[in-house]
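Mind docking chain B on chain A? Use the hints.
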Amino acid sequence: MDPSQLLVTLAGAVAIAVVVWFFWLKQAAGVRAVLGSSGFQEATILVKGAYSPDTIVAERGKPIRLTFLRDESTPCSETVSFDALGRTARLPEGKRVAVELAPTEPGTYGFACQMGMYHGKLVVE
Amino acid sequence: MSATATAEVRLPAATPAPELGEAERDYRRLMRKWWFGAAVGVPTMFLSYPWLFPLLGDWLPRDSERLRVLWAVMGVAALAVLVYSGSQFFAGAWLALRHRQANMHTLIAMGTGVAWLYSTVAVVYPGIIPESASREVYYDVTVVVTALVVLGLALEVKARGRSSEAIKKLIGLQPKTARVIRDGRELDVPVEDVLAGDELQVRPGEKVPVDGVVVAGASALDESMITGESIPVAKTVGDEVIGATMNTTGAFRMRATKVGADTALAQIVRLVEDAQSSKVPVQRLVDLVSGYFTPAVLILAIVGFVVWFDFGPAPALTYAIIVAVTTLIIACPCALGMATPMSLTTGVGKGAENGILIRSGDALQVASKLDAVVLDKTGTITWGKPLLTDALVSDEVLRLAAAVERASEHPLAAAIVAGAEERGLELPEVENFEAIPGHGVRATVEGHALLLGNLRLLEREGIDASALTADWERLADEGKTPMYAALDGSAAGLIAVADTVKDDSVDAIRRLKALGLEVAMITGDNRRTADAIARLVGVDRVLAEVLPEEKANEVKKLQLEGKRVGMVGDGINDAPALTQADVGFAIGTGTDVAIEAADVTLISGSLRGVVTAIEISQATMRNVWQNLAGAFAYNGLGLPIALGVLYPLVGLLLSPLMAAAAMSFSSLTVISNANRLRRWRPEEV
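Chains as they are written, first to last, in the working numbering: chain A, 1 to 125; chain B, 1 to 685.
So that you can see chain B by itself, here it is in the shape it has in the complex:
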């Protein structure tokens, strides 16, 4: 590159563009242009070929002076249409031409411009045109093509607005005001004025203004707009609340933790916008084609003109002009260019509506063709916190056992205490508490000697527990942790705790398998517990006793088997495995939605989100392929027909008016097909 300059380009002063109604203004402007073109177009169509109409033909015979004068008037009217309705084509073509580029504007401007110029020469200097039959005007082509393409653009603006509806809905969720408590008084302030640390009051039926933590009161929140989960979520002191979610019937006070651009909603909007403006990898093929497309169409139009002029039937010039203009008009680089972005915008938006944030077109394309999914067990398939699942003891023994466990620091102990409290049992004070490492605990409660622990603990005390062995085995096989309880020197039963499976995990895994995916579970748990959970939820493969730092390696091993692997886990602990996977799904991230390692973030904690994410990706990619096939087929068939290949066979030659209608229709078809995705709904469980 030799010719370089250091000149700074002069830019017009930056003015903030009004966001709202921009599309509506564009639509109205284009519709005004369309109506003007249509109004001029109707008489122009009649008067271009008056001899086709009985009375008109008598009044305006061919080669009459009267017709020539009328055509001259039409020429001026057609010029007005070009200037008013078609100005954007000429301006766009000129701007592109200055940068040695050609686009749709170039083709339309050339097509309509050539038709107008030829017609004007035919009117003003008819002698130049050798064959008298070719001394016709094509002002109808100029006017009607311009009008039709403008109408197509107007409808496109409308349809495009619908495809980006999701992001508008998201932005619209943001509440306008918040009720801040300052100096003990409640003040309504614009939400932008809320600072992190402010205390806010949220009344029944109001939206939560920003992200925060409940500090007083309780309520249930409808979080469906953010997480896609339709069931309201109970919130009490200490719980996290997400801005823009809807409070139902309770009232509560919250402390703002994230405001402005840091809120979950702001992050979601940013992620969705970025993803919508990214590219699906298949687009690279389109980019390659579209780089050559428009100049190639220009060349085809020239070739068509020459071939029809040299070898076509008489009047050769007329046919040559029609073929060249039709070729320019029918080519639709727009349909090609829009094929993937329109579907991507709609698909990513659809994800956001369902609480699924797909980071890029790349992630979307890969997610649509995964072979295997690895699910982290704890927190993904299961809730990630142990619960009391089985109490094969009397309520009295459970009450006493829970009382003993309250004194213990063991993580499983809390599950027993919570389980007993849920059953409404009052827990008494304990005496002589003793934790026996590797065995369990012992204490005296209300005068009773209570033991809780493993078999070795009972054996140590000489207590026979053989009657409980079968139950113990069964519970252990179910992946639970059973504990023996003994009261006053004899076995009293078993208490089991387990990390329970989330309600919809089984169904989600069944649906993943129905999608043709191999489903694997990865966990640090021992083989027995892992196998038990795996049997319960129905996964194909179990990767047990895997240390956290080895998870990425396990994903890699699957990839070495030639599989495209998705990894589902929490965004922080599983980050290396999520990064290693072809697609990383971060699950249940609440207000912290911008997980760097994740290609897909599932805002709700449900595994169903993975199914929905994969289904959306597949639906979007199907849509992309349909659009691409349609756009390539349209241009692949339309261009040869416009060039007249069917003329020698069946005598068919396309008129430029048909070409304009087809061209507008093809763009609209792509957009309408992409908009079909908006009707996509995840299957209800």
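Isolated chain A, as found in the complex:
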């Protein structure tokens, strides 16, 4: 193996490590849902290329209202579904859609678009 091959191999190994760390291991900083006057813990999520923010942190025991706004026309993100909580919502472009949830158990509840391209997490503490 000549030096250039060694260099490329090492660089490849580092690149793979970066991919694994960046996409799978790195923990996201969540956004905490804010308790509103309605009694709901509320957060708004922009749908544009991804869910922004993609991690919402909420407290157990109080209902949660996540308001989605889809600001793109790609049909991929037209719906959002919370599989574990059995909720699905259509997100028409440009309209705010509130999804109300009341998970009883603490844990991490994933949500995703119908095609599984966009992913997000609702963390109930």
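None of these hints come from the bench; they were simulated from the model.
Bear in mind the structure is a predicted one, so any value in this text is a computation, not a measurement.
No residue lacks a Cβ here, since even glycine has one placed at the ideal position from N, Cα and C.
Some clues are possibly wrong.
To be verified - Pulled from the structure, derived: some chain B residues nowhere near chain A, Cβ distances all over 10 Å:
1) Gln201
2) Ser290
3) Leu298
4) Cys334
5) Asn675
As the list claims (entries may be wrong) - A few chain A positions that, by computed beta-carbon distances, are all more than 12 Å from chain B:
6) Gly61
7) Ala89
8) Glu105
As the list claims (entries may be wrong) - With a straight-line cut-off of 30 Å between C-alpha atoms, the simulated DSSO-like cross-links for lysine-lysine are:
9) Lys158/B with Lys95/A
10) Lys95/A with Lys169/B
11) Lys556/B with Lys385/B
12) Lys207/B with Lys176/B
13) Lys557/B with Lys369/B
14) Lys48/A with Lys502/B
15) Lys95/A with Lys258/B
16) Lys176/B with Lys95/A
17) Lys258/B with Lys158/B
18) Lys48/A with Lys158/B
19) Lys168/B with Lys48/A
20) Lys95/A with Lys385/B
21) Lys513/B with Lys385/B
Frame of chain A, contents of chain B only:
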């Protein structure tokens, strides 16, 4: 999770998106991008490898300054294609990357971006690249891949529009105006202004504007757009009419009962939209895979690059670049992601077209693999109201008997009265009417003494009815309720009433059995009547003398036998059994389509709907499996080929251009396969 913030995300102002033509605008925008890419792509393909073409090769030899300048110009043109035609890939990749996610955009952006960067380095700093043979440009890859993928997206937008055609058709059914009667005058008003309680005039050939009840006049309505039933339904005073159905030749007045979001049509649209956006349970497998897919492809591309650089033939850098770019381009997470939603959208839409509302992907998947179906007898297999079926008496005796029954309050009496009136018999007045509990009735009509009831009634009066016993037995065995008639002290014959079987129940049950399902009938009727109906319609198993509240238990018993059970009944009385069943089918719900307990709602009252619903579910699930198999096979074969596993064996290495074409083709195949479902038609009876 330690790092949390309470910041509210700033959102752009919400603007209502125009619904109409959105897909068409997207399509046109993408096609403009495609044409620009294609226009730049054609010369780029020739000029990237001029030595392959006789005259061009002489004019632009390898390593010539002229070629380098031309490549530099191509680089600028290719950049323009990336910026104009490929902007959505880079924007999408960047947005996803900010959230540590990767998707199709990431792969395309990286593939085309790497090809452009490498080419630009080869043009501007050729000295950096050690092997002179590797000092080539891949602007053709950048441009043609971008153009092909954009073309694929454009065709996808078109095809997707077709898959959601059903919902557009449903929305299009809504009439725009209604003719309201106010202060005795007819006024044309927008349908949104109609209030519940308004009286409306519906002329021949017009659509019924909202749900309501006929208050004057009569007509026949074509309800096929809502119920899937092609035969017009007669409507007269007191009958319910459904908004968006088509009036045929009569004119009538109606009172609006449900308007706006409460109408059957609005509920149907809502149910269909919700179902289309739900998930088929098998999708969970896809979700699991797609969560890891794109980063895994990135890793494969890196591995491919390193292996080809280290162990591949010369020029190693060229091969390594080609393999990495091809791997990035060929992977198609879209085909995986679209495999089930596209079929679900089409299948649920197909159901709606046939008057069948499937509530979710879950219901659809379970309905496709039921083992047994339990049919409620009354109202499902039968009409649910008794009719006069046999009159083994003269018309004169029937006329007199009906006249007596008109005075009775017994539920079966009304059937005899209606039957006589249908035969055009005039019913005279009766005298001395007497109901004898547990026996029957007696009265005097036109001077004749008439008795109508069971055998005990005749025996009590000392009348011999032995000649009628055989007929009585036969009628009873047919599940009917026969009654003895006696005139002036002697037996005059038998009159039988029965809850009759709907015209198409026999055929529907035969088809359910042909689908491999065990068909059971559940009823509160006595065993003899139940068995008679069961023989007539051909069900496998009879659950007779079941109290309404026990129906759910009977369903559970079948489930304990290890069967997946569908229950067909009316949405209100049978709600617990429908809920208990693996799939609950609510039948014949008219304007009240949002039955909570039902997984599947059949708007028309026919059992055929159950067959169609199961067939649609099976066809849709077959389609889902085909799509999934195709998408997994495509990626499972495409990725190793792109990585060059066939090169040591047969010397085949895929070009990135082929990869782009294959990738677009695989998405289109999934959509086209889902669209095949649109051609599905229920078998005509």
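Okay, the hints, checked on the actual structure:
1. For Gln201/B, the condition that its CB be more than 10 Å from all CB atoms of chain A holds, with the nearest at approximately 35 Å.
2. The claim that Ser290/B is not at the interface with chain A is violated, since a C-beta of that chain comes within 10 Å of its own (minimum 4 Å).
3. Look at Leu298/B: its CB is around 5 Å from the nearest CB on chain A, not clear of 10 Å, so calling it non-interface is violated.
4. At roughly 7 Å from the closest C-beta of chain A, the C-beta of Cys334/B falls inside 10 Å, breaking its exclusion from the interface.
5. The beta carbon of Asn675/B sits about 15 Å from the closest Cβ of chain A, which is more than 10 Å, so the claim that it is off the interface holds.
6. Separation of Gly61/A from chain B is adequate, the least Cβ-Cβ distance of about 18 Å exceeding the 12 Å criterion.
7. The beta carbon of Ala89/A is not kept farther than 12 Å from every beta carbon of chain B, the shortest such distance being approximately 7 Å.
8. Separation of Glu105/A from chain B is adequate, the least Cβ-Cβ distance of about 16 Å exceeding the 12 Å criterion.
9. Taken as a hint, the Lys158/B and Lys95/A pair is honoured in the structure, with Cα atoms around 23 Å apart against an allowance of 30 Å.
10. A threshold of 30 Å between alpha carbons decides the hint, and for Lys95/A with Lys169/B the separation of about 23 Å falls inside it, so the pair holds.
11. Restraint check for Lys556/B and Lys385/B: satisfied, since their Cα atoms lie roughly 28 Å apart, inside the 30 Å limit.
12. Of the pairs offered as hints, the one joining Lys207/B and Lys176/B holds, with about 10 Å between alpha carbons and a cut-off of 30 Å not exceeded.
13. As the CA atoms of Lys557/B and Lys369/B are separated by approximately 18 Å, the hinted pair is consistent with the 30 Å bound.
14. Of the supplied pair hints, the one linking Lys48/A and Lys502/B is violated, its CA atoms being roughly 53 Å apart against a limit of 30 Å.
15. With a CA separation close to 27 Å, the supplied pair Lys95/A and Lys258/B stays within the 30 Å bound.
16. For the given pair, Lys176/B sits about 24 Å from Lys95/A by alpha-carbon distance, which is consistent with the 30 Å threshold.
17. A hinted pair counts as satisfied when its Cα atoms are at most 30 Å apart, and Lys258/B with Lys158/B does not qualify at roughly 36 Å.
18. A threshold of 30 Å between alpha carbons decides the hint, and for Lys48/A with Lys158/B the separation of about 22 Å falls inside it, so the pair holds.
19. Among the hinted pairs, Lys168/B with Lys48/A is consistent with the structure: their alpha-carbon atoms are about 25 Å apart, no more than 30 Å.
20. Straight-line distance between C-alpha atoms of Lys95/A and Lys385/B comes to about 49 Å, which puts the hinted pair past the 30 Å bound.
21. The straight-line distance between the Cα atoms of Lys513/B and Lys385/B is roughly 26 Å, inside the 30 Å bound, and the hint therefore holds.
Checked against the numbered hints above, the structure violates hints 2, 3, 4, 7, 14, 17 and 20; every other hint is satisfied.
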